[in-house]
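Number of protein chains: 2
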Amino acid sequence: MKNQAGRIERSDYLDAVQDALQKYVPEEKGRMQSGLFQAMRYSLLAGGKRIRPILVLEFCGLCGGNQESALPFACAIEMIHTYSLIHDDLPCMDDDGMRRGRPSSHVVFGEAQALLAGDSLLTLAFETMLSPESVQGAGAARAARAAGVLAKAAGPYGMAGGQAIDLLCEGKPVSMETLQRMDECKTGALIRAAAQMGCILAGADDQRLSAADRYAASVGFAFQIEDDLLDVEGDSTAIGKPAGSDAENSKSTYVSILGAERAKRAVDELTKTAVQALDPFGEDADYLKDLAERLACRNR
Amino acid sequence: MKNQAGRIERSDYLDAVQDALQKYVPEEKGRMQSGLFQAMRYSLLAGGKRIRPILVLEFCGLCGGNQESALPFACAIEMIHTYSLIHDDLPCMDDDGMRRGRPSSHVVFGEAQALLAGDSLLTLAFETMLSPESVQGAGAARAARAAGVLAKAAGPYGMAGGQAIDLLCEGKPVSMETLQRMDECKTGALIRAAAQMGCILAGADDQRLSAADRYAASVGFAFQIEDDLLDVEGDSTAIGKPAGSDAENSKSTYVSILGAERAKRAVDELTKTAVQALDPFGEDADYLKDLAERLACRNR
Numbered sequence: 001m002k003n004q005a006g007r008i009e010r011s012d013y014l015d016a017v018q019d020a021l022q023k024y025v026p027e028e029k030g031r032m033q034s035g036l037f038q039a040m041r042y043s044l045l046a047g048g049k050r051i052r053p054i055l056v057l058e059f060c061g062l063c064g065g066n067q068e069s070a071l072p073f074a075c076a077i078e079m080i081h082t083y084s085l086i087h088d089d090l091p092c093m094d095d096d097g098m099r100r101g102r103p104s105s106h107v108v109f110g111e112a113q114a115l116l117a118g119d120s121l122l123t124l125a126f127e128t129m130l131s132p133e134s135v136q137g138a139g140a141a142r143a144a145r146a147a148g149v150l151a152k153a154a155g156p157y158g159m160a161g162g163q164a165i166d167l168l169c170e171g172k173p174v175s176m177e178t179l180q181r182m183d184e185c186k187t188g189a190l191i192r193a194a195a196q197m198g199c200i201l202a203g204a205d206d207q208r209l210s211a212a213d214r215y216a217a218s219v220g221f222a223f224q225i226e227d228d229l230l231d232v233e234g235d236s237t238a239i240g241k242p243a244g245s246d247a248e249n250s251k252s253t254y255v256s257i258l259g260a261e262r263a264k265r266a267v268d269e270l271t272k273t274a275v276q277a278l279d280p281f282g283e284d285a286d287y288l289k290d291l292a293e294r295l296a297c298r299n300r
Numbered sequence: 001m002k003n004q005a006g007r008i009e010r011s012d013y014l015d016a017v018q019d020a021l022q023k024y025v026p027e028e029k030g031r032m033q034s035g036l037f038q039a040m041r042y043s044l045l046a047g048g049k050r051i052r053p054i055l056v057l058e059f060c061g062l063c064g065g066n067q068e069s070a071l072p073f074a075c076a077i078e079m080i081h082t083y084s085l086i087h088d089d090l091p092c093m094d095d096d097g098m099r100r101g102r103p104s105s106h107v108v109f110g111e112a113q114a115l116l117a118g119d120s121l122l123t124l125a126f127e128t129m130l131s132p133e134s135v136q137g138a139g140a141a142r143a144a145r146a147a148g149v150l151a152k153a154a155g156p157y158g159m160a161g162g163q164a165i166d167l168l169c170e171g172k173p174v175s176m177e178t179l180q181r182m183d184e185c186k187t188g189a190l191i192r193a194a195a196q197m198g199c200i201l202a203g204a205d206d207q208r209l210s211a212a213d214r215y216a217a218s219v220g221f222a223f224q225i226e227d228d229l230l231d232v233e234g235d236s237t238a239i240g241k242p243a244g245s246d247a248e249n250s251k252s253t254y255v256s257i258l259g260a261e262r263a264k265r266a267v268d269e270l271t272k273t274a275v276q277a278l279d280p281f282g283e284d285a286d287y288l289k290d291l292a293e294r295l296a297c298r299n300r
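Protein sequences appear in the order of chains B and A.
For reference, each letter of the first sequence is one residue, going 1 to 300 in the working numbering.
For reference, each letter of the second sequence is one residue, going 1 to 300 in the working numbering.
Calculated from the structure, these hints are not laboratory results.
Here the structure is a predicted model, which is why all the values come from computation and not from measurement.
Keep in mind that a hint or two might mislead.
Note: identical chains are not told apart, hence a pair may lie in one copy or across any two.
As the list claims (entries may be wrong) - Below, computed lysine-lysine pairings styled on DSS-like, alpha-carbon distance capped at 27 Å: (1) 29 with 172; (2) 264 with 23; (3) 264 with 251; (4) 251 with 49; (5) 264 with 49; (6) 23 with 172; (7) 272 with 29; (8) 29 with 251; (9) 264 with 29; (10) 23 with 272; (11) 23 with 289; (12) 289 with 172; (13) 289 with 29; (14) 289 with 251.
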């Protein structure tokens, strides 16, 4: 990644993404719909780990691509992630009043505006990737392919489909297979899309593209299991329940199905698989190895 | 439009769109999220005038483009129109229990599934336009540009922004200027996008592109005023209220602001402007002239 055109330093990833998001979703104070932009910015600029945009930028860089040209795509996937959180929190869905330590969008702006803010972020993601500037920067073929990958990952065969499976399973104990299928759609698809988009934007060959996909699939799955482990630890610490009892509802988790020990072993195995998948990228992939390991060890 | 590659006969437009929509949104009975696809199909395949897809196909044909290759784009704009109707009917928005003579999506499938069906149709629109097949058919540069135009028209600067302006004005009397601004975003933007997309997909020059845009802008505005006229006639016939009293709420309409006579004259003027805009297309444009006139005279 030396002397690469349009390079962004790893230490600048978060700032670069935040600055670009600010640019793509301005305040628009002069417009009648400025309240809509305010609602979009409230959720989008609130922080978060920005894992998806970082994967886009890092894989793009690893494959020798222009990371500046990948920024609109990195921001687009964060917009889509944020829209899903806003709609997910709505009263008709999870009815969650808090998000990232602040009141949810619909609590602050009302249900109608939150609905529109989600719709707008989803649409603006495509507007951002397909603007004349973005298309010129990335090249039309790569831009169309990357945006297409993201659309598929976010739609009824991906994230939105996972939400529908979740609705179906609500409050019912489910099998390991069902839980995995749901998470592959609900969260896995978008993380895999991020890695793929980075490679596509850099014009990477199929070998690197599928290696990146394997990495992201393993990391995404490990992340999900680790989330369940963290929930249990949180619960047992906070309320004194035995780990894994999950008494609040009968929702199945990886921990309730596998038990905490097997779940931890699964995270370790998946992380190993993720790291091995990085072989084609050589030493340059150390950053992604560290990322996989940090995501896997959040509570240990 | 003779001997043109990928030509679709005008009399086949509706069937071609319906068949393609069926293909792009299959039943997916084998998938866990088949209920989501059912909800998407319920609203999408329910009919409607299909004005937007017809504009895509007709302008594409007029400009010598391949209409078969434009079908995914024609279907995408109908998906986006349908998503907007589903979300618009939700309890937190207009809370409308009926749509096109049938119960609304959320009445049949519940609020959560209706929300997801809307989200999914919006996302699938981009998946459909940006699939490898669609991009190959249209060419990457044209596909990316057409999809970008649609994204902008549907997002916070277009349709979704218009919804936000509508929220802001709810129950308040507004000026002619505000009402027009709202409708330009809420409905005008998507109709203009349809005409532009058809031209872009055919590789039309800027003169034809801006002529198509002027036509669509005038037709869209006329359509909106005519809608208000129809509402008033409907009200006065059905409930015996004097035309224009609109006693149910204090929402401003073109009729309440202009009066019925001036509103009718505005429709006629706009239709004339629309027809004049078609000059660069010559005699081939008779179909679009008829369309403008039919849309303008729905109640006369």
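From the Cα coordinates, with 27 Å as the cut-off, is the pair residue 264 and residue 29 best called within, between, both, or neither?
Cα proximity of residue 264 and residue 29: none, with 49 Å in one copy and 35 Å across.
Have a look at residue 289 and residue 29 and pick one of within, between, both or neither, based on CA distance no larger than 27 Å.
Close neither inside one copy (43 Å) nor across copies (39 Å); limit 27 Å.
Alpha-carbon proximity between residue 23 and residue 272, which holds within one copy, between copies, both or neither at 27 Å:
Cα proximity of residue 23 and residue 272: none, with 38 Å in one copy and 41 Å across.
Please sort residue 23 with residue 289 into within, between, both or neither, judging by C-alpha distance up to 27 Å.
Neither. Shortest intra-copy (31 Å) and inter-copy (42 Å) distances fail the 27 Å Cα cut-off.
At most 27 Å between CA atoms: does that hold for residue 264 and residue 251 within a copy, between copies, both, or neither?
So residue 264 and residue 251 pass the 27 Å test inside one copy only (19 Å; across, 59 Å).
Alpha-carbon proximity context of residue 29 and residue 251, limit 27 Å:
between (44 Å within a copy, 25 Å between copies)
Is it within, between, both or neither when you check residue 289 against residue 251 at 27 Å Cα-Cα?
neither (32 Å within a copy, 59 Å between copies)
Homomeric proximity label, residue 251 with residue 49: Cα distance no greater than 27 Å:
This pair counts as within: shortest intra-copy Cα distance 26 Å, inter-copy 44 Å.
State whether the alpha carbon distance between residue 289 and residue 172 is at most 27 Å within one copy, between copies, both, or neither.
neither (36 Å within a copy, 57 Å between copies)
Which holds for residue 23 with residue 172 at a C-alpha limit of 27 Å: within a copy, between copies, both or neither?
neither (43 Å within a copy, 33 Å between copies)
Indicate which option fits the pair residue 29, residue 172 if close means a Cα-Cα distance not exceeding 27 Å: within, between, both or neither.
between (46 Å within a copy, 21 Å between copies)
Homomeric proximity label, residue 264 with residue 49: Cα distance no greater than 27 Å:
within (22 Å within a copy, 56 Å between copies)
Of the hints listed earlier, those the structure fails to meet are numbers 2, 6, 7, 9, 10, 11, 12, 13, 14, in rising order.
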